[in-house]
Each structure stands twice: as structure tokens, then as C-alpha cells.
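Q: Okay, here's what each chain looks like letter by letter:
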Amino acid sequence: MSSLLRNAGMPMSEAMAFGLSSALAFAYLPFLRLNGLPLIAYRMPPGAIISGLDRGLGLGVRFETFGSRAAGTARLDALLDEGKLVGLQTSIYWLPYIPRDLRFHFNAHNLLVFGRDGDDYLVSDPVAETVVRCTRTDMERARFAKGLLAPKGRLYYMTQPPAAPDLVALGRKSLIRTTRVMLYAPLPLVGVRGMRWLARSVERLPLDGGGDAARLYIGHIVRMQEEIGTGGAGFRFMYASFLQELAAATGYRALDALAPRLVAIGDQWQEFAIAAARMIKRRDPLEPPKLAGRLRELAQAEKGFFQELNEARRAWRH
Amino acid sequence: MRERDVPQEGNAVLEGHRKAVYAVGADGKLRLVASRGWEVEETVTRQAVEDLERHAEDAKRRALAGDSSPLEYHMYRARMDVALLAQAVGIWRWRVRRHFRPDVFPRLSPDLRRRYAEALGIDAAALEKVD
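Heads up: the sequence lines are chains A and B, in that order.
The first sequence begins at 1 in the numbering used here and counts up by one.
The second sequence begins at 1 in the numbering used here and counts up by one.
Honestly, the hints are just simulated from the structure, not real lab data.
For every residue, glycine included, the Cβ atom is placed at its ideal position computed from N, Cα and C.
Errors might be hidden in some of the hints.
Result set (PhoX-like, lysine-lysine): computed pairs, CA atoms no more than 25 angstroms apart in a straight line [claimed, not checked]: (1) A:290 <-> A:303; (2) A:173 <-> A:303; (3) A:173 <-> B:129; (4) B:29 <-> A:303; (5) B:29 <-> B:129; (6) A:152 <-> A:84.
Here are a few chain B residues that face chain A, going by a calculated C-beta distance under 7 angstroms [to be verified]: (7) 14; (8) 18; (9) 22; (10) 43; (11) 44; (12) 55; (13) 87; (14) 104.
Model the full structure from these sequences, guided by the hints.
A: This is how it looks when you write it as C-alpha cells:
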């Protein structure tokens, strides 16, 4: 998303785009299953992130989905020929340039296409460091994969150049949205309460059959946390960076003081991942209640943090 | 996470790719730092991959013993489950499960074979055998 803006002549760091779109979140969704395991999200879905920025900056982002592969490919090619930068929702499994072991059927992988060279698309993908190429056939397959959160060829692009943002108004609004999601979501599965709910389901993991199923479940939590994009702890660090940048850009220094606290919470998430990995590798005995305890501590820490962030936001006069 | 604590353990799963992560520098500011990977990530990714490979091996053994059709093996090899394969082909789950039966599989229509092969990303000829 940050590169989409940079291309339109508005340089913005990844962290700033992440924070302004109120992308930080937590959700535990046991009714959505990936290979039989629940969906756990540490940020908002990409669509919400993009719309969040769109609202704030007036980008006129248009989303399109398609009923047929041919129509989706034709539209993508036409937009590229117009010189547009196009975002795509894809299944990471079908992208040939992704390392083999990271290719799972996960449908919310977003990437950016900025050109075409014959039958190859030129792609900027957060997983790859450099520009990668992807053939038309492979891209079509990735865009029209089936399953949970099926992309249906979804693409998006900007129709207006971004206006210079009023960072104070935008920043405050984004803080309201994030604290609301984390503390006061109407669903008990979202935000801090979602962490507690997840803790409860970890605590109740059955240990029969040598605990292999429990190990897979725990591994899945960490995988959702660390492997998808920058990861759960990574998103906390990114948001901390956003707070620093926002403080610098608006001169509201109270946000600076909050950043280190969120960094500490990110560290705590990493410790949780390490503890889980040790149990998976059988270096430590498998004790789900211990991990559940860590999750509860994290929920408590995040609750405290977002309450303070909310206070700081309320005290922000301009 | 301090800048000097950014994991550089060389996660083999990333195949040499690096990841950009935010870390705290000496001045207390967060900045992007390239990471070569973290052992924890490698552990959980390998765990998930190995679980899928185990399913594929089981299915292969059963197919060779005549207890299952090659379709089940190819499904696991494509890291899918019955629900996903059924959706990708556009048929009911029970039909997919039925096609795992070694007596039913040989009677599938060429059209359905083609659709299975397409959904699994292999050619129709490869679908017939286990290798």
C-alpha cells in the first residue's frame, strides 16, 4: 500500500500507512477454518486497510472482482496498459516465485503489479525483496483460487492523486478506530477479549494421542503470528514506529512515550512464540495452560496500553 | 526488539529471501532492518509442511496397496483438503470422498479428470498414477 502511494507522488512509510489506516487489530475466528485450524488475525484484512487509507486520503480506490478468469485477466492487462499500478488479492500457493515451504492455500496474499513484459507480469511482492516475474497463467490461477476468502480475481487501483493529508485530524481518527477495535469491539472474539478467548481454547487443548494435535494447533497460532507478512509481533513494532512518526510529524510528543511500551509488548509476543516453538520441538514439556497464561498476560498488557493510548488521544488538543 | 537482536539465524524456509522488520535503533527510534530469518518461524513452518507430507505419504501407501485412489495422494500433495478440492472442482465433498475409492476412480469421466487435474495444477496423465 505504501508503494502504491509513493508511486502516486505521496511518499509514506509502511508504518505510517499501517497506522493511519487503523490496521492493527486482533481477531480469533474459530468458525473460519484453514486446513481445519481457526483463523487468527493480528491485523485488519487487507481490504479494510486499503479502504481505511482511502477514506483518509481521498484516493478514490476502486475494487473490482470478476466472474470469469478471462474477464479478470483482460481488465488487469487493460489497466496496466493505461499505466496504472494494480493491487491484487491472490492465493500464495500458486505463486511460483514464493519459496516452496511458504506456499499454503492462503487466499489473502496481496501484491502489486506495475507492468507487463510479454506474457510476464512485473510484480512487487512483500515476501520477495526484489522485483519478481509471474506468468499470466500462474497469476490467473492465483487470482481465481477457491476456498476461504476466495479472491475472485479482486484487483484495486487508485483513481485520484492523493491530497496532502491533515495528519492531526487523520491521526486522531485512526487512534479512535484502533482503540475501539482493541478495547470495545462488540464481538468477544475481537481485540483484547479475542486474546482471552484464544487463551481459553489453548488451555482446553486435548493432549491425547501424544499431543500431536495440540502441537499443531499451537504451531498454527505462531505461524499465523509470524509467517504472514511482518507477523503479529512485527505489527506491534510497526505500530510503535507509526506512533513515533506521528509524534514527529504533528509535534504531539505524548505519543513518543507510548512507543517503547508497545515495543515491549511486541517482545512479549516473540517470547510467547519462542516458548511455543520449544514445546513443539519437545525441548520443553507440552503444557498448553502455560501458553494460555502468557496469552492472558498479553491481553492484560495490550488492554493497559490501548487505554493509555486512548487517554493520550483524548488529551490531544490542537 | 533492539536492532542488534533482529534474528539472523538464516531460516532455510525463506530460501535466501530476507524480510524487513522494524527494530529499535541506538537512538530509540524504530527503523526497518533486514532479517535473514528466525528459528522459531522455521520450526512452525516445517511442522506444518511435515504434517502435510505425512498425510501425502499415508495416502501414497494406501493407493499403492489398493486401498485408495491416486486422487487422495495428489490432493494432499497439493496441500489441499477435501473441502478445498471440492470447491475448486465445483462438486460436493461426498463425491470427492467417493472418488477416493479405488473401484470408483477408474470410471471417472474424462471431463471430471480434466477438472481435477486443473484444480490440482498437474496434467491429466499425472493424475492416474502415484509417483
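Q: Are the Cα positions of residue 173 (chain A) and residue 129 (chain B) separated by 25 angstroms at most?
A: The given pair, whose Cα atoms are some 58 angstroms apart, is violated under the 25 angstroms limit.
Q: Is residue 29 (chain B) within 25 angstroms of residue 129 (chain B), Cα to Cα?
A: Measuring from Cα to Cα gives roughly 57 angstroms; hence the hint is violated.
Q: Holds or violated: residue 44 (chain B) as interface residue toward chain A, Cβ cutoff 7 angstroms?
A: This interface hint holds because 4 angstroms falls under the 7 angstroms limit.
Q: Does residue 22 (chain B) hold up as a contact with chain A if the rule is Cβ-Cβ below 7 angstroms?
A: 4 angstroms, holds
Q: Please work out if residue 290 (chain A) and residue 303 (chain A) have their alpha carbons no farther apart than 25 angstroms.
A: 20 angstroms, holds
Q: Compare the distance between the alpha carbons of residue 29 (chain B) and residue 303 (chain A) with 25 angstroms, and conclude whether the hinted pair is satisfied.
A: 24 angstroms, holds
Q: Per the CB criterion, is residue 55 (chain B) less than 7 angstroms away from chain A?
A: Status violated, d = 10 angstroms.
Q: Was the hint right that residue 87 (chain B) lines chain A, CB cutoff 7 angstroms?
A: Because about 4 angstroms separates residue 87 (chain B) from the closest Cβ in chain A, which is inside the 7 angstroms limit, the hint holds.
Q: When you check the alpha-carbon spacing of residue 152 (chain A) and residue 84 (chain A), does it fall within 25 angstroms?
A: Between residue 152 (chain A) and residue 84 (chain A) the Cα gap is close to 20 angstroms, so the pair holds against 25 angstroms.
Q: Identify whether the interface hint at residue 43 (chain B) stands, where standing means a beta carbon of chain A within less than 7 angstroms of its own.
A: OK, holds: residue 43 (chain B) within 7 angstroms of chain A, min 4 angstroms.
Q: Min Cβ distance, residue 104 (chain B) to chain A: is it shorter than 7 angstroms?
A: 23 angstroms, violated
Q: With a cut-off of 7 angstroms on the beta carbons, see whether residue 14 (chain B) makes it to chain A.
A: Interface hint status for residue 14 (chain B): holds (6 angstroms vs cutoff 7 angstroms).
Consistency note: the structure conflicts with the earlier hints numbered 3, 5, 12 and 14.
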